[in-house]
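This is what each chain is made of:
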Amino acid sequence: MIADEIWVDVQHIRDRAPLVHNITNYVVMNTTANALLAIGASPVMAHAVEEVEEMAGIAAALVINIGTLSSHWIEAMAKAMWKASQCGIPVALDPVGAGATRLRTETARLLIGKTPPAIIRGNASEIKALGDEEARTKGVDSTHASEDSLDAARALSDRTGSVVCVSGAVDLIVQGSAIIRIANGHPLMSRVTGLGCTATALIGAFAAVNPAFLKAAAHAMAVMGIAGEIAAEKAQGPGTLQLHFIDALHGLQALDISGRLKWTEG
Amino acid sequence: MIADEIWVDVQHIRDRAPLVHNITNYVVMNTTANALLAIGASPVMAHAVEEVEEMAGIAAALVINIGTLSSHWIEAMAKAMWKASQCGIPVALDPVGAGATRLRTETARLLIGKTPPAIIRGNASEIKALGDEEARTKGVDSTHASEDSLDAARALSDRTGSVVCVSGAVDLIVQGSAIIRIANGHPLMSRVTGLGCTATALIGAFAAVNPAFLKAAAHAMAVMGIAGEIAAEKAQGPGTLQLHFIDALHGLQALDISGRLKWTEG
Amino acid sequence: MIADEIWVDVQHIRDRAPLVHNITNYVVMNTTANALLAIGASPVMAHAVEEVEEMAGIAAALVINIGTLSSHWIEAMAKAMWKASQCGIPVALDPVGAGATRLRTETARLLIGKTPPAIIRGNASEIKALGDEEARTKGVDSTHASEDSLDAARALSDRTGSVVCVSGAVDLIVQGSAIIRIANGHPLMSRVTGLGCTATALIGAFAAVNPAFLKAAAHAMAVMGIAGEIAAEKAQGPGTLQLHFIDALHGLQALDISGRLKWTEG
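Keeping their order, the protein sequence lines are chains A, B and C. Residue numbering for the first sequence follows the working numbering, starting at 1 and increasing by one per position. Residue numbering for the second sequence follows the working numbering, starting at 1 and increasing by one per position. Residue numbering for the third sequence follows the working numbering, starting at 1 and increasing by one per position.
Please keep in mind that the hints were generated in silico from the structure rather than gathered at the bench. For clarity, every value in this text was computed on a predicted model and none was experimentally measured. Take these hints with a grain of salt, some might be off.
Which copy is meant is left open, because identical chains are indistinguishable; a pair holds if it fits in one copy or across any two.
As the list claims (entries may be wrong) - In the DMTMM-like style, the derived pairs of lysine to aspartate or glutamate whose C-alpha atoms are separated by at most 25 Å in a straight line are:
1) Lys114 <-> Glu265
2) Lys79 <-> Asp256
3) Lys234 <-> Asp256
4) Lys114 <-> Glu50
5) Lys79 <-> Glu265
6) Lys79 <-> Glu50
Let the hints inform the model, and build the full structure from the sequences given.
Below you can see the structure in the form of structure tokens.
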């Protein structure tokens with residue numbers, strides 16, 4: 001049933017080839033463009049202040065990733081996000097490195113504060129860096145790292161209205177009181193750069209065809225994990241994993257999803 | 001006969017390792033550098049206003065690609081193209097996204113207007129965005145997309161004197177009344193990001209060793225398509241295609257060309 | 001014995017996952033991040049003037065690569081190197097293209113002059129461009145290219161105190177009167193873009209766990225060459241080589257090193 005819903009989204013992406021506008025970091029531009037093409041979307045990378053609004057205006061989704069920031073990019077990101085909000089285009093935000101430097105933490109907070117994105121996806125440290133303030137005011141101070149990030153994710157979602165996704169061995173996708181956990185994936189995936197960024201890009205593609213953003217984000221994370229498992233079975237290391245992962249996204253079939261999905265709700 | 005001419009160019013590239021100076025987009029810098037190395041050329045990426053003229057001055061060809069623009073890059077592109085024209089170095093221009101945003105359309109027009117490149121390569125929409133003005137004044141309004149782009153390509157070539165190449169399932173290479181069609185390639189190639197940009201980079205390498213630019217561009221497109229076919233026979237998807245394509249460029253032999261070439265003139 | 005020392009460094013990298021801060025060129029950001037992940041380090045790419053000091057301050061090593069320069073990046077590089085020197089964090093510098101344009105030669109000299117890095121790694125032309133001045137004043141004018149670069153490397157090392165590494169068919173690693181030669185590697189490696197940059201990044205990872213920088217640099221070069229040999233045995237060309245190289249770094253075992261090492265001292 002859930003596998004069927006995921007499969008419907010995949011087919012919609014393949015049929016409609018939604019234009020996904022990415023303002024993303026230099027490290028992953030090539031690999032995320034290839035992942036979007038492999039799943040069936042149509043990626044475009046554009047970051048010039050002069051064109052981001054025009055590009056966002058013709059896109060079906062906008063992906064913002066702060067992995068290699070500089071000041072004129074921040075302005076372009078803010079403009080593109082504002083334009084997307086005006087046009088009702090979903091935004092997926094990846095706050096890469098929030099918590100590691102002030103520039104990243106503050107930029108992520110600034111962008112979220114101006115126009116809250118449909119979906120925020122990060123790892124546990126990044127989400128904690130963005131949600132902790134609220135978590136602390138609630139007096140929550142869990143000893144479990146995962147529960148920590150769950151509290152932070154809920155606080156961040158409550159404050160912004162965004163779906164918040166924490167990726168890890170088990171992915172958490174949170175909005176209000178709703179929570180979905182996905183246990184797909186493979187440890188070798190953490191040895192390939194930019195697979196987190198790829199997840200956020202795929203979330204953009206799924207949000208372009210599915211306006212139920214909690215579901216869209218969870219579907220994207222399930223597809224990431226399942227493609228990663230298929231790839232890991234063929235790979236001899238993180239180098240070959242990267243390509244088999246792209247091949248797996250491209251060749252993904254309904255049975256791959258129904259046979260492998262590890263999804264729990266509530 | 002034509003296969004022999006293509007093979008002569010490939011051998012010249014391998015023997016001379018021409019320095020190809022690229023000012024290109026972030027997405028494809030790595031993959032186009034690898035494609036140039038695989039065919040036997042010597043790639044260099046340099047975009048700083050302070051050094052592009054010096055670098056263009058020692059290069060055997062210049063490749064300009066507007067795929068991820070920003071304002072100070074446009075200045076560097078214009079300077080490098082002017083220097084190349086002064087030194088008699090061939091320029092291959094890739095107007096990525098012309099027609100999609102004003103910044104890209106206008107930048108492509110500006111660069112072409114200042115110093116017309118030896119060769120312009122784009123997809124049908126991009127070439128139409130640059131050639132249509134003229135096509136429309138001729139009252140041409142074909143119902144066939146390919147004929148549309150052919151008219152636009154001819155108009156653009158007539159106005160600039162450039163060889164114009166429209167890549168697609170069948171590539172068109174046009175200059176004045178001359179036209180070459182190449183039907184090599186594989187559909188899976190369109191699922192890999194940056195293979196259009198790679199085509200333009202290879203055109204630069206071929207133009208570096210063959211001053212008959214109509215031929216040079218067509219030879220490059222034939223080699224692209226043939227390497228893509230060889231790669232597709234070994235690939236399981238767009239991820240593995242990308243690497244087998246690089247391997248195929250590197251391992252290309254005379255028989256691959258003579259046995260696979262689909263070339264028609266006139 | 002030496003193989004054992006190399007293996008100890010590899011294990012330390014895998015155990016400690018040192019954070020390696022890279023300010024590097026666009027072409028190789030993805031591939032060097034993947035190489036660092038594959039050997040077991042934790043890479044981060046950050047170049048904004050606003051955050052490089054903060055990032056360098058939490059890193060275990062800093063890698064500076066001038067492969068795609070522009071003016072505001074040079075300022076960020078200088079700031080990060082200064083911060084690293086204040087914190088006692090080792091810096092590995094890659095003067096890509098020194099000798100090719102004035103901007104690159106002068107930037108490399110400027111950065112080295114301000115805060116001499118622990119290790120400088122380049123190819124023979126780059127090291128000659130940086131060391132020649134001294135070599136010439138000594139009246140050294142060898143007819144052998146390799147001896148040329150050895151003199152330049154020694155001159156550069158004497159002037160800066162840095163370990164200087166010249167990579168080639170035989171890598172030279174020099175400091176004062178000490179010299180190590182490593183003859184591992186495979187010719188196909190020169191057909192893959194950015195493997196020189198990858199070497200410098202790995203040197204950063206080894207320097208993060210081994211404060212004897214002459215050894216650290218030599219160990220990194222040995223691991224590069226050995227992983228390249230393993231990859232070349234599985235590859236069909238430079239495309240597949242790239243991935244098998246990453247897999248080989250990830251899967252590297254003590255016996256690979258002891259069985260293949262070609263190391264001579266003095």
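Here is what the structure says about each hint:
Proximity of Lys114 to Glu265 under the C-alpha cut-off of 25 Å is found in neither arrangement, the shortest distances being 31 Å within a copy and 57 Å between copies. Taking the shortest alpha-carbon separations for Lys79 and Asp256, neither the intra-copy value of 39 Å nor the inter-copy value of 50 Å comes in at or below 25 Å. Taking the shortest alpha-carbon separations for Lys234 and Asp256, both the intra-copy value of 15 Å and the inter-copy value of 23 Å come in at or below 25 Å. Taking the shortest alpha-carbon separations for Lys114 and Glu50, both the intra-copy value of 20 Å and the inter-copy value of 21 Å come in at or below 25 Å.
Taking identical chains as interchangeable, the C-alpha atoms of Lys79 and Glu265 are never at most 25 Å apart, the minima being 35 Å within one chain and 48 Å between chains. Within a single copy, Lys79 and Glu50 get their C-alpha atoms as close as 10 Å, and across copies as close as 21 Å, so both meet the 25 Å cut-off.
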